[in-house]
Amino acid sequence: MVVVLNMSKLNYTPLLLVLLITNQIANAQNKIDLQYVDYAQWTAQLKTYHSKIVVVDYWATWCGSCLERFPHMVEMNKTYKNKGVQFVSMLLEDPEEPEAIESAKQFLSKQFKSEKKSGFDHYFMTENLMISFEKLDLIGIPAVFIYDDKGELIHRLTGDNPNNQFTELDIEQALNAMLNDNKTSSPKTSIPP
Amino acid sequence: MKKLNIWTLFFLLTSLSCNSLAGKYNQILNIGDTLPSFTDLPSIDNSTLSSADIDEEVVVLVMLANHCPWVKGMDQDLVKLVDSFKGRSVKVVGFGVNLREDDRLEAMKTHAKTVGYNFSYIFDETQKLGRDLGATRTPEYFVFDKDRKLTYMGLLYNSPAKMNKDGSIRHINGEPSEFYASDAINTTLAGRSVLIAETRAHGCSAKYE
Chain H
197 MVVVLNMSKL NYTPLLLVLL ITNQIANAQN KIDLQYVDYA QWTAQLKTYH SKIVVVDYWA
257 TWCGSCLERF PHMVEMNKTY KNKGVQFVSM LLEDPEEPEA IESAKQFLSK QFKSEKKSGF
317 DHYFMTENLM ISFEKLDLIG IPAVFIYDDK GELIHRLTGD NPNNQFTELD IEQALNAMLN
377 DNKTSSPKTS IPP
Chain C
538 MKKLNIWTLF FLLTSLSCNS LAGKYNQILN IGDTLPSFTD LPSIDNSTLS SADIDEEVVV
598 LVMLANHCPW VKGMDQDLVK LVDSFKGRSV KVVGFGVNLR EDDRLEAMKT HAKTVGYNFS
658 YIFDETQKLG RDLGATRTPE YFVFDKDRKL TYMGLLYNSP AKMNKDGSIR HINGEPSEFY
718 ASDAINTTLA GRSVLIAETR AHGCSAKYE
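As given, the protein sequences belong to chains H and C, one line each in that order. The first sequence begins at 197 in the numbering used here and counts up one residue at a time. The second sequence begins at 538 in the numbering used here and counts up one residue at a time.
Zero decoy hints are in this set.
With a straight-line cut-off of 30 Å between C-alpha atoms, the simulated DSBU-like cross-links for lysine-lysine are: (1) K561(C) - K243(H); (2) K227(H) - K702(C); (3) K306(H) - K243(H); (4) K561(C) - K331(H); (5) K306(H) - K702(C); (6) K702(C) - K301(H); (7) K646(C) - K702(C).
Calculated from the structure, these hints are not laboratory results.
Just chain H, with the same shape it has in the complex (with noise of 0.2 Å):
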């Protein structure tokens, strides 16, 4: 006996409603978490990250060369996240233009799409573009900024000077450097004799 389906007939609703909602589930748990700090709760926020060494990407959606740079940060994250550096991005956009923190968020979220618990933190600075760009006194991103585990800017990596550019290797060079000088300068534990 043969069976002929008239495909026509057959009801997709229910099939498309799982595949609707088996999708949002799965951009559910992709979402990421941005923090809306202003500039005086950044630098306090900053503060907490106490004992480890701080690389701060500085991005925009409008910044097509902090776009490029963005998965080589994702990429260094997981190499360097367990020898005690923490990665953060802060998100440098109009607070008056809604769709552009969607959109970063978005692309956050392509980001670490296969990687849920990244350990890389994200931030909005809430303040008026031109003044973070002042407070930070930054001229222009991208741009990445790496703390100590003491809390002190170490290295200021950015565009500000046509000669001197820096690449994603400087960021590695940086941190390989510190990591070494962490490791030689470490307090010893004293043992008694």
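Given the structure of chain H, go ahead and fit chain C onto it with the hints provided.
Same frame as chain H, but now just chain C:
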């Protein structure tokens, strides 16, 4: 001790003289510095332009990049600025240094036509002009006087505008109220010192290779 003092003095003087080479924000040029010369840079009208060819009293160089939403957001205001100095001795030259395909000369021609650029627009593949100017943002303005000395550098005005994906334009601080570049051109034409001579440029990064 004497030796130490001499060396301290030497380093102090060296660092002071280095700082004097740069502006408050610009790390290469300072107000009063001479226009970096450029020769035979290709223009969107298929000619070339050299700094020595410019006869106007005031020269305004503007670093641009087609792809940049901040450039797009302020394109029409740049066109208006150029129009406002029509008939006066002011030469406005836009220039690009980015090597990405959508910022190169062919793309510059298309962009200029689309948005109605009314000024010379040249491309420097060597990126030397941008480096010599210490230009890092797009757009970024540089105004030079009749002696080709820098009188202003930085923003067009106090509320930079960005073009969004839907084509809408939004100023960061509402309608601009301080017109730094325009004021600087007027003041320079009048032979006076520019009051706000340097501002923190805001926009996309120039990508130096």
